[in-house]
Each structure stands twice: as C-alpha cells, then as structure tokens.
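Novice: If you read the protein sequences in the order shown, they are chains X and C. Start counting the first sequence at 1; every next residue gets the next number (the working numbering). Start counting the second sequence at 1; every next residue gets the next number (the working numbering).
Calculated directly from the structure, the hints in this document are not laboratory data. Here the structure is a predicted model, which means the values were calculated and not measured. Heads up, a few of these hints could be off.
Stated by the list, open to error - Simulated crosslink set (DSBU-like; lysine-lysine; CA at most 30 Å straight-line):
| # | chain 1 | residue 1 | chain 2 | residue 2 |
| --- | --- | --- | --- | --- |
| 1 | X | 123 | X | 162 |
| 2 | X | 123 | C | 224 |
| 3 | X | 219 | X | 208 |
| 4 | C | 224 | C | 90 |
| 5 | X | 162 | X | 179 |
| 6 | C | 90 | X | 56 |
| 7 | X | 162 | C | 329 |
| 8 | C | 181 | C | 128 |
| 9 | C | 81 | C | 128 |
| 10 | C | 329 | C | 224 |
| 11 | X | 119 | C | 128 |
| 12 | C | 81 | X | 115 |
| 13 | C | 293 | C | 272 |
| 14 | X | 5 | X | 208 |
| 15 | C | 215 | C | 181 |
| 16 | X | 162 | C | 472 |
| 17 | X | 5 | X | 56 |
| 18 | C | 472 | X | 5 |
| 19 | C | 272 | C | 81 |
| 20 | X | 162 | X | 115 |
| 21 | X | 115 | X | 179 |
| 22 | C | 50 | C | 201 |
| 23 | C | 293 | X | 56 |
| 24 | C | 201 | C | 215 |
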Amino acid sequence: MLEVKNLVKTFNSGDGAVTATDDISFEVPDGQFASIVGRSGSGKSTLLSLLGGLDKPTSGQIMVGGRDLAGFSDHELIGYRGRTIGFVFQNYNLVPNLSALENVMLPMEFARVAKAERKERAKHLLGQVGLADDQMQRRPARLSGGQQQRVAIARALANHPKLILADEPTGNLDSETGKMIFDLLHDLSRSENTTIIVVTHDSEIAGKTDRTFRLKDGKLAKKT
Amino acid sequence: MNPVSRGVRNAFRNGVRTLSIIIILGLSIGLCLTMLVANKAVSSKIASVKSSIGTTITISPAGFNPGAAANNALTASQLDKVKSLPHVTKLTETVSDRLSTTGSSQPSFGMGRSSGSGATTSLTSPVKLNLNGQGGAGGGRIFVNGGNASLPSNFSLPITFLGTNDPDSLNGSSVSLSSGKAISGSADTNEALISAAMASKNNLKVGSTFTAYDKSLTVAGIFKSSNQGDEDTVILSLAAEQRLSGQSGSVTSAIATVDSLDNLSSATGAIKSTLDSNADVVSSEEQADNTVKPLNSVKTVSFFSLIGAVVAGGVIILLSMVMIVRERKREIGVVKAIGGSNLRIMAEFMVEALTLTVIGAVIGLLIGVIAGQPVTNTLVDNSTTSTSTTGGQPGAGGFGGGAQMGERVSNGDQGASRPGGGFGGRLRNTGAVRGIRNIDAQIGWGILLDGFGAAVLIAVVGSALAAGMISKVRPSETLRSV
C-alpha cells in the first residue's frame, strides 16, 4: 500500500516560494494501476520525484510498506530507489554506451545480485517485453523508440520493485507503439502484482487505469 | 560489468576527445618524467661529487696570479704555523714554472708573458691544442694576437716544471710509475719524473737526459698520467726546482691534508685565521660546492619544471573530467535514480580518469626514455657553459685558461696554481666541466614507479572536482529536464 498524506513541496525561486504540490493525500493499494493527469506545471513530475525518493517533501508523509520516506537516511533512500522503485522515463534514459542487456543488468548490480543471476534475469525480462536475442546486445542508439522504452521497462522491473513510476512513458512514441507499451505495463501490473503509477497527458490511457488522480496547480483536483 | 570495466569503457566513448586528452597528458607526463630523470641524475651527480671530495685545503699566496711576472710567496714560518695546527696531518709544498720549448715560437699576447721565468727546455709538449671553437670542451676562450686564432707553425705548448716535497702525488692523485724509480722530495738532485706521453713524444726512457734551465736533467722514472693536464708536467724535488728556477725558499702553493672530513671545516677556519690576509685558503669542500654550482641550478630548474608539469597534468585531467561530468549529468541522475550510489559513480569516473592518465603515462614514459638524456645534457651544458663564461677569465700571461680556481681544483687538481698560468689551467677547467657534464640520466625502476605514482596522483587530484560535482547531481533533475 502506498499512502500519501498532506504532501507539500515548495521551491524557492526568484519570485519567492513556489508550491509545486499542495496538501496532496491519496492511497494506492498494491497491484493497482493508477494514473496522474494534469497540465504542464501542475506538479505531476514533482509528485513522481517525491514518490520515487528522488526529492524530499517540505512537509507531509509518503508511507511505503508502513514506513515514512521522510525518515529514510540517504543510504536507505539509495536502497529504496534501487530495490523498491522502478522508474520509466519519457525519453527512456538508457545508458548510451551499454547494451540493452547491460542496461537491464545495471540496477541488479547496484542491488548486489550475482553476475550470472542478473544476466539470466535480464535476458528473461527483455524476452518478456518482446526484445529479440540479437537486439539485447545492441546499444540504445541502434534500437527504435519503442524498443528502448521496452528496455527501460525491463530495467524498471529488474529488482522486483513494489512500485513502478512512469513519467509519460508513451510521450515520445507513436500512438500504436504507445498503446503496446501501455498494454505491457498493464499486463505486468497484473502478472507481477506491481503497483504502477503513470504520469500522462493522454486521457485515453488515463481512462484505462484502475485509478486516476487529476492535479491542478499543485492540488489534487479529482480522484476517480 | 562493474564500475572498473565501465570506467575503462567510458574512457573510450568519444575517440577524438580521448585521443586529444591522451596526447596532451602524454606530453605533460613526458615532460614530468624528463624533468624527474634530469633532477635525479643531477642530484646523484652532486652527491657523487660531494662524496668524493678529499680532506685537503689549498693555500695560495694572497692575490696569487698564475700569469703574473711576480707573485708573493708563502714563507717558511707561515707554513710551519700551518703544519703545527691541530688535525693537519700533512703539508705538500710546491713551486712551479712553465718553460717553453727551445726553438719554438710563442704567439704574442695582449699582456703578460708566455712563460714563468723565460727559461727553456729541450722537451716538447705531448699535448696538442685544438683551436677550433671550444675544442669540444667548453673551456675559456683563447686570445691570440687580439683574437686571431692562428698559431706559429713551430709552436709548442709550454711545459710545467713542478717542484714538490711530495713527488709521490700529483694534483692530489698518487703518482703511479710505469718504469724507473721515485725521487726524493727533499733531495736537491737533477732527477725528474716525466709522463709516459712526454717520454714517448721526446723519445726518452729511464736514464735518458734532457735540458732545462740550461742544465742537464735525468729521467728517473716515467709515470702514468690520469688526465691530459698532467701529461705536460715534469716533476722535480722542491729544492731542485727552487734552485733551477731561481725561486729559492719560495713556495707558491701548499696543500694541507686534514685527518678527517669532520675536521675539514674547522681546520680551514684555523688556517684562514692563522694566515689572515696573507693567503687565499680554499677547502676541497668549498671547491666541490663551486663545482656543483651549475648542477644545483639545473636541479632547481628541473624541480620547478617537474612541479609545473605535474600541475599542468592535473589541470588537464581536471578540466577534462569536469567537461565529461557536465556532459553526462543526466546519465548520472538516471544512474542515481535506479539505485547507483555516489561512491560507485565516483569510482567509475575515477577509473575513467585513471585510464586516460595511465595511457598518457605510457606515452609520457616513451617521451621520457627518448628525451631524458638529451634534455639533461642540454640543461647541464647550458648551465656549465654559462658558468664557465661568467667565471672564466683569460690569464694575464701564457694562454690564460678561463677557469675558476674552484673548478680546477675540484677536479682533483690540487696543484693547479702555477706561475705563468697558461694551458694547464684551461685544460684542467675543461676536465672539471667535462666531469660534471658526464651525467648518466636513465629511467630506472625507481623513476618509473615515481612516474606512475605521479600519474595516479594526477588522476586522483584531477577527478576530485568532478567527484564533487557528481555528488551534487540530484536525481530529480532527470525528471524535471524531460
């Protein structure tokens, strides 16, 4: 269960303090597929950063497995990001000089998984997201956008995370490939019982998720 | 794959940039190693010169000028006082003269005369003078007829007649006879020791006679000379030379031997204070210091160049790594977002810096091996040439070799002060300079280890700022910059 309670994040800018998320509270049970929608600047990416432990909230709580992220040390946050969370980015963010297989193995190396085991699991995951054997050895530059996003999803799944956070995963893809990626995430949430939170502009995608949170000016405007 | 292999692989991500960094680093490390080689070689030479200094003190009459027609002499009472000083174990007294060969022509000089007493000898010098440029030895300039370097066709170098109370040693080295017998330093006989080169040049053997001062002298023994400056020297007893040259009772140079190096300084002080302003007193330690003076300047130059090269290498790798980190900021954020720790990422970048530096060090090593000896030679040559030029002065008489007293004597030429000056001084100066120029600058294991140590230091220092930048990259930037 992911619980967000009265979450506030403010930034200091030249014009004074800017509140990116303003008193947001919601819950997402394990295994659910949720979406966060809203206009640009509504605070979607900030919320995702806070949920992923990439940033610290100004106030409020993020409870993951009964523990508040605010109480995590830097070392614990690294472990949280490596083992509990899986990230999928809009522009894939694969390491350019590593092959698809090595990109998927990377988070497992950080989690100190044995080399043979991480190679086997990386191959399994890449196979699961539909990458052919010869494509696994290619570097990201030699893969299409859809293939790169599949690799990114496989990387996010590498350490059996409880929560996958996807920041507009279909934003750079054509509609057909975007639909394939969405279906893939949806299937994974069912088969692996993984909680998935997707930030999206696409109302069609948002309409297919179990829950949708709409943000407006940093506030949670609507839950469905 | 681990941080080490990723770091190595990252070092080659951009071929052109990698090549540029490696070449610049290679040049920097090459300069660093070359200067290290020069510094170590020169330090070793300085240590060697200082360790080989004798425990002798040279005493000359105050203001003694080897070329002057008249000079003060050391008196018997002064020498007796020196003999009685503590730690002085031996006092070698010498008087010398330079004789021209009978029938030879001497070039005219701007000042002074061509030999000490104006006496002649039947001997011809075995030493030939090379008037082409510096003669390869870098001694003082020779001034002949106002700068015209031509000599009379029947010219022969003047010959030094050295009277000494210790004929067993010459210029601080023991005399090794190849034939004949030694002569007594106190007996007043017309017996002489000549060098093998002199004997060969003049077809003399033990028992042969030659003339000097219009007297007949007998070759008692033939000695092996260790340097060219000794080849034109004829050794007689002190009393005989005083009598023959008309310098009865005169001593123009004395060398005091001290019982140990520890007492050299105090004995020098005691002699200076005993003789006051009547004599110039120089210890072998001071002479050694004068000799290595040019090497000390090379040591200083090479040390600061070494520091400069290390700093330059550090700055090159530092700026390169800062550029690389800035370029990969997003990638660093992503790696942090998927569980990478600062330490792991820093290690990766440090390995990358180390890889670039080690490859640069290999290139630098090749440069060091190739350039070490020539650069050291050039530095030493320039330094010693400049010292000789500023230190050397043409003598007032004879050929006026441009040598400082210190340089002459430190080469083991403790009997260098001779009336009439001339080539002797020049040749000895040449030998001294040649001695300190002969430096073996090779890259050994010690220098290799030092070089690689410096390379690692450059890599660590160079990647320190990059590491600081890495630690400040916030993973949340990865999401915001989308």
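Novice: The structure should be examined with respect to each hint, and the outcome stated for every one.
Specialist: Comparing the hints with the structure gives:
1. Proximity of residue 123 (chain X) to residue 162 (chain X) is assessed by CA-CA distance (about 21 Å); at most 30 Å being required, the pair is judged to hold.
2. For the hint pairing residue 123 (chain X) with residue 224 (chain C), the CA-to-CA distance comes to about 86 Å; that exceeds 30 Å, so the pair is violated.
3. A distance of roughly 23 Å separates the Cα atoms of residue 219 (chain X) and residue 208 (chain X); the hinted pair therefore holds under the 30 Å criterion.
4. Taking the CA atoms of residue 224 (chain C) and residue 90 (chain C), the gap is near 24 Å; set against the 30 Å cutoff, the hint holds.
5. Distance hint between residue 162 (chain X) and residue 179 (chain X) is fulfilled; the C-alpha atoms sit about 23 Å from each other, no more than 30 Å.
6. About 88 Å separates the Cα atoms of residue 90 (chain C) and residue 56 (chain X), which puts this hinted pair outside 30 Å; it is violated.
7. Proximity of residue 162 (chain X) to residue 329 (chain C) is assessed by CA-CA distance (about 28 Å); at most 30 Å being required, the pair is judged to hold.
8. Among the hinted pairs, residue 181 (chain C) with residue 128 (chain C) is consistent with the structure: their alpha-carbon atoms are about 28 Å apart, no more than 30 Å.
9. Between residue 81 (chain C) and residue 128 (chain C), the direct Cα distance comes to roughly 41 Å. Violation of the 30 Å bound is thereby established for this hinted pair.
10. For the hint pairing residue 329 (chain C) with residue 224 (chain C), the CA-to-CA distance comes to about 77 Å; that exceeds 30 Å, so the pair is violated.
11. Distance check on the hinted pair: residue 119 (chain X) and residue 128 (chain C) sit about 83 Å apart at the alpha-carbon level, beyond 30 Å; violated.
12. Under the criterion of a C-alpha separation no larger than 30 Å, the hint pairing residue 81 (chain C) with residue 115 (chain X) is inconsistent with the structure, at around 89 Å.
13. Straight-line distance between C-alpha atoms of residue 293 (chain C) and residue 272 (chain C) comes to about 23 Å, which keeps the hinted pair within the 30 Å bound.
14. The straight-line distance between the Cα atoms of residue 5 (chain X) and residue 208 (chain X) is roughly 25 Å, inside the 30 Å bound, and the hint therefore holds.
15. For the suggested pair residue 215 (chain C) and residue 181 (chain C), the alpha carbons sit about 21 Å apart, so the restraint of at most 30 Å is met.
16. Taking the CA atoms of residue 162 (chain X) and residue 472 (chain C), the gap is near 28 Å; set against the 30 Å cutoff, the hint holds.
17. With a C-alpha separation of about 14 Å, the suggested pair residue 5 (chain X) and residue 56 (chain X) falls inside the 30 Å cut-off, and the hint holds.
18. The straight-line distance between the Cα atoms of residue 472 (chain C) and residue 5 (chain X) is roughly 29 Å, inside the 30 Å bound, and the hint therefore holds.
19. Restraint check: the Cα-Cα separation between residue 272 (chain C) and residue 81 (chain C) comes to about 11 Å, which is no more than 30 Å; the hinted pair holds.
20. In summary, the hint linking residue 162 (chain X) to residue 115 (chain X) is supported, as the alpha carbons are separated by about 23 Å, within the 30 Å threshold.
21. The straight-line distance between the Cα atoms of residue 115 (chain X) and residue 179 (chain X) is roughly 34 Å, outside the 30 Å bound, and the hint therefore fails.
22. This hinted pair does not check out: residue 50 (chain C) and residue 201 (chain C) have alpha carbons roughly 37 Å apart, beyond 30 Å.
23. In summary, the hint linking residue 293 (chain C) to residue 56 (chain X) is not supported, as the alpha carbons are separated by about 66 Å, beyond the 30 Å threshold.
24. As the CA atoms of residue 201 (chain C) and residue 215 (chain C) are separated by approximately 20 Å, the hinted pair is consistent with the 30 Å bound.
Going through the hint list in order, the structure does not satisfy hints 2, 6, 9, 10, 11, 12, 21, 22 and 23.
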